Amino acid sequence: MALTREQMAMRVARELEDGFYVNLGIGIPTLVANYVPEGIDVMLQSENGLLGMGRFPTEAEVDADMINAGKQTVTARPGAAIFDSAESFAMIRGGHVDLTVLGAFEVDQNGNIASWMVPGKLIKGMGGAMDLVAGAENIICTMTHASKHGESKLLESCNLPLTGAGCINRVLTDLAYLEIHDGAFHLKERAPGVSVEEIVEKTAGKLVVPDHVPEMTFE
Amino acid sequence: MALTREQMAMRVARELEDGFYVNLGIGIPTLVANYVPEGIDVMLQSENGLLGMGRFPTEAEVDADMINAGKQTVTARPGAAIFDSAESFAMIRGGHVDLTVLGAFEVDQNGNIASWMVPGKLIKGMGGAMDLVAGAENIICTMTHASKHGESKLLESCNLPLTGAGCINRVLTDLAYLEIHDGAFHLKERAPGVSVEEIVEKTAGKLVVPDHVPEMTFE
Amino acid sequence: MAGFDKRVNSYEEAMAGIESGMTVVAGGFGLCGIPENLIAEIKRLGAKDLTVISNNCGVDGFGLGILLEDKQIRRIYASYVGENAMFEQQMLNDEIEVILTPQGTLAEKMRAGGAGIPAFYTATGYGTPIGDGKEVREFNGRHYILEEAFHADFAIVKGWKADRYGNVIYRDTAQNFNPLAATCGKITVVEVEEIVEPGELKPDQIHTPGIYVDRIIQGSFEKRIEKRTVREG
Amino acid sequence: MAGFDKRVNSYEEAMAGIESGMTVVAGGFGLCGIPENLIAEIKRLGAKDLTVISNNCGVDGFGLGILLEDKQIRRIYASYVGENAMFEQQMLNDEIEVILTPQGTLAEKMRAGGAGIPAFYTATGYGTPIGDGKEVREFNGRHYILEEAFHADFAIVKGWKADRYGNVIYRDTAQNFNPLAATCGKITVVEVEEIVEPGELKPDQIHTPGIYVDRIIQGSFEKRIEKRTVREG
Numbered sequence: 001m002a003l004t005r006e007q008m009a010m011r012v013a014r015e016l017e018d019g020f021y022v023n024l025g026i027g028i029p030t031l032v033a034n035y036v037p038e039g040i041d042v043m044l045q046s047e048n049g050l051l052g053m054g055r056f057p058t059e060a061e062v063d064a065d066m067i068n069a070g071k072q073t074v075t076a077r078p079g080a081a082i083f084d085s086a087e088s089f090a091m092i093r094g095g096h097v098d099l100t101v102l103g104a105f106e107v108d109q110n111g112n113i114a115s116w117m118v119p120g121k122l123i124k125g126m127g128g129a130m131d132l133v134a135g136a137e138n139i140i141c142t143m144t145h146a147s148k149h150g151e152s153k154l155l156e157s158c159n160l161p162l163t164g165a166g167c168i169n170r171v172l173t174d175l176a177y178l179e180i181h182d183g184a185f186h187l188k189e190r191a192p193g194v195s196v197e198e199i200v201e202k203t204a205g206k207l208v209v210p211d212h213v214p215e216m217t218f219e
Numbered sequence: 001m002a003l004t005r006e007q008m009a010m011r012v013a014r015e016l017e018d019g020f021y022v023n024l025g026i027g028i029p030t031l032v033a034n035y036v037p038e039g040i041d042v043m044l045q046s047e048n049g050l051l052g053m054g055r056f057p058t059e060a061e062v063d064a065d066m067i068n069a070g071k072q073t074v075t076a077r078p079g080a081a082i083f084d085s086a087e088s089f090a091m092i093r094g095g096h097v098d099l100t101v102l103g104a105f106e107v108d109q110n111g112n113i114a115s116w117m118v119p120g121k122l123i124k125g126m127g128g129a130m131d132l133v134a135g136a137e138n139i140i141c142t143m144t145h146a147s148k149h150g151e152s153k154l155l156e157s158c159n160l161p162l163t164g165a166g167c168i169n170r171v172l173t174d175l176a177y178l179e180i181h182d183g184a185f186h187l188k189e190r191a192p193g194v195s196v197e198e199i200v201e202k203t204a205g206k207l208v209v210p211d212h213v214p215e216m217t218f219e
Numbered sequence: 001m002a003g004f005d006k007r008v009n010s011y012e013e014a015m016a017g018i019e020s021g022m023t024v025v026a027g028g029f030g031l032c033g034i035p036e037n038l039i040a041e042i043k044r045l046g047a048k049d050l051t052v053i054s055n056n057c058g059v060d061g062f063g064l065g066i067l068l069e070d071k072q073i074r075r076i077y078a079s080y081v082g083e084n085a086m087f088e089q090q091m092l093n094d095e096i097e098v099i100l101t102p103q104g105t106l107a108e109k110m111r112a113g114g115a116g117i118p119a120f121y122t123a124t125g126y127g128t129p130i131g132d133g134k135e136v137r138e139f140n141g142r143h144y145i146l147e148e149a150f151h152a153d154f155a156i157v158k159g160w161k162a163d164r165y166g167n168v169i170y171r172d173t174a175q176n177f178n179p180l181a182a183t184c185g186k187i188t189v190v191e192v193e194e195i196v197e198p199g200e201l202k203p204d205q206i207h208t209p210g211i212y213v214d215r216i217i218q219g220s221f222e223k224r225i226e227k228r229t230v231r232e233g
Numbered sequence: 001m002a003g004f005d006k007r008v009n010s011y012e013e014a015m016a017g018i019e020s021g022m023t024v025v026a027g028g029f030g031l032c033g034i035p036e037n038l039i040a041e042i043k044r045l046g047a048k049d050l051t052v053i054s055n056n057c058g059v060d061g062f063g064l065g066i067l068l069e070d071k072q073i074r075r076i077y078a079s080y081v082g083e084n085a086m087f088e089q090q091m092l093n094d095e096i097e098v099i100l101t102p103q104g105t106l107a108e109k110m111r112a113g114g115a116g117i118p119a120f121y122t123a124t125g126y127g128t129p130i131g132d133g134k135e136v137r138e139f140n141g142r143h144y145i146l147e148e149a150f151h152a153d154f155a156i157v158k159g160w161k162a163d164r165y166g167n168v169i170y171r172d173t174a175q176n177f178n179p180l181a182a183t184c185g186k187i188t189v190v191e192v193e194e195i196v197e198p199g200e201l202k203p204d205q206i207h208t209p210g211i212y213v214d215r216i217i218q219g220s221f222e223k224r225i226e227k228r229t230v231r232e233g
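Chains as they are written, first to last, in the working numbering: chain P, 1 to 219; chain D, 1 to 219; chain F, 1 to 233; chain E, 1 to 233.
No lab work stands behind these hints: they were computed from the structure. All values derive from a computational prediction rather than experimental measurement. A hint or two may mislead.
[As the list claims (entries may be wrong)] With a straight-line cut-off of 20 angstroms between C-alpha atoms, the simulated EDC-like cross-links for lysine to aspartate or glutamate are:
| hint | chain 1 | residue 1 | chain 2 | residue 2 |
| --- | --- | --- | --- | --- |
| 1 | E | K186 | P | D18 |
| 2 | P | K188 | P | E201 |
| 3 | D | K121 | E | E138 |
| 4 | F | K43 | F | D70 |
| 5 | P | K124 | F | E95 |
[Unchecked claim] Some chain E residues near chain F, calculated using beta-carbon distances under 7 angstroms:
| hint | residue |
| --- | --- |
| 6 | I117 |
| 7 | A119 |
| 8 | F120 |
Every residue gets a Cβ at the ideal spot worked out from N, C-alpha and C, and that includes glycine.
Construct the complete structure from the given sequences, taking the supplied hints into account.
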């Protein structure tokens, strides 16, 4: 069975380490915050200028001056820092964020990512995504493995205009967890009940499959 | 009579305008602060990160954390701002300082300035001088017109290594006030009792002398 | 003290000198920390053919979105412009030119403009359409593209508190692009919620030193919230 | 919470890992805001052949000057080094290499290193010996030179207050180069006068966000004054 959005978030959350500064993109990445493992503390960076994003506010706490990069009202946790956009991207561009999680339309075997525009469709902009992928050493892409029509999104070479070149090293899809290096996807784990054959079939890029591919487990 | 250091400072101070942000170098430029004309308020920028430098502290006010670019203990005036060195030079480099006053060994008819090193002598460094001359639109050099041996310091072309190229447009010496443009010094005023002939003799660079050269007056 | 008293008494005075064809850089992220009254004044004054530099372009009927109603914006540099039906329409009709600029690059280009840095290298956008036509250079085995600084005729900024010298502090995430926009305008106008006496703001806690600021005005603000998201109290 | 608790219990722990041949960037201007105990610990640990990036090099017997006594510094990037007899001697003997760097360029190179900007253009130094061998480029009719970013193995920083997450504020002009140095070290060590609880520092008033900081230690400071200048009280 393909992973649910929640399971994808749970799986990504296992990559968190105690003391990580983490930037979570919109969508599934945002859900990761709900599954931070016990005993681990991470600090969430929001690129509009907040390090140490807290919970959503109560009705009484809502403050128009306190939002996250998704423009949602949020709170700051004790020990948070707030700064301007140049400082925020200095952190990001300078490689100080330990882990970035973001969605993608396509990734390819060389670590290229396309996530911001589909030609012919209206282009709304890249926001901070290009800065994030160019700045982080450590990025996990979350995405569906293939389109609704079964077309692979893990490609030999991205078809869509890139968000960043050669910058993605890990991908979590609804079917598998993979690493990217040496010009290939390396299959590391598969979703519960998903066969290696299905993954092979739905991966258009070069895929390296080890003898044993462990199945993810969820409680 | 050549101007005294105090008279040089007084003359420079007449170039101040109400609301000017001003950076004063070490030496005679520092004295300018003592002669700010009545009814005019200027804000002194100190490049170590202080905008709105105040008076020297009393014995009781002395604070090791509050110094100026000359490393002297100072105070901040009400409404001062304090910031880091990158911000301080962003202001300077970005052309936000209205007037910079600094000393020089030599200037030339093309607005080049040499003020930081004499080959063969020990080089102590340029501090912020290169940033200041490259950043300000409006610089006044204060200097003696000639060396003790009578050698002109207002040259056709600087002999010493430059601090900045083509950046000086006004010079106040102990003998004269001059502007620099179009590849020449333009004599604007002379010190009380100093003859045009003496200035001509002591200026090695191209000098444009108008028919009438007013004499400076000091109360 | 007149020389450093930057207060103006009306929004008309605050935006005096804005003309058609000018470039305006604006602070704000989404609808957070936007100079909403200064924008409204630009609408009222009717300057057209503007080039706007701002992370977003407001929403229909609020923020920079209101400048679309009379087609006052000819060109915009922004990282994300997708909250606005009128904007989409004008973009599709080619009535507005959009130069999409990565958010961090946008911020850094504003800072560079204020700081006298004409250009800088960044990895952001290398290998993407954003890098097309830009110089590429390698440093330590990595590729970077050259980005040039922004300069604007007017900077419009929303602060929290300011003194009359133009020293400004921002509140929480309403800071965002505001201090950067403040540095790169020929004329920088800041509207704030409160004007305090010089000395009330602690010198080492000021976000925007007054040297960047030309005009200060105290206003009242709607502070519209784009995505009110709450948890159970 | 262990993950973000950056406090260490001794100066030995604070400077653990410093080795001969490393590059150290230090905050401070003259003797103001210098990480005096971290410098003393480098002396005690005896690492040699260091490259130091700092605006100044202390004085005889205090600040970075004490690292000259055992010839621990091989190379220094600084804007002004003239307060120190031992320094002059070592410079004349060619025992120390001095790369004079304009003060603003020095600050910007630190910031660039922390911010992932590999290089930037500046007018500072164009046409002077500082520009020799550097690329010159014209933007809008003016000449600029290309300057590359600084990176250091260790950054040593003096703050005023910090929380255990490493959020730091500086006091008055002791700020100077400290927040910039803090961004460009692989390991950034901050010594402060007081460690407070997370939440005690107002988030929008923090100068150095904890993300840049690896180790925090509370110390006591001599804060020597270089030029005590007073007026009649």
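Here is how each hint holds up against the structure:
1. E:K186 / P:D18: holds (19 angstroms)
2. P:K188 / P:E201: holds (16 angstroms)
3. D:K121 / E:E138: Judged against 20 angstroms, a Cα distance of about 33 angstroms means the pair is violated.
4. F:K43 / F:D70: holds (8 angstroms)
5. P:K124 / F:E95: Satisfied, since the Cα-Cα distance of roughly 16 angstroms is no more than 20 angstroms.
6. I117: holds (5 angstroms)
7. A119: Holds: closest Cβ of chain F sits about 5 angstroms from E:A119, inside 7 angstroms.
8. F120: holds (4 angstroms)
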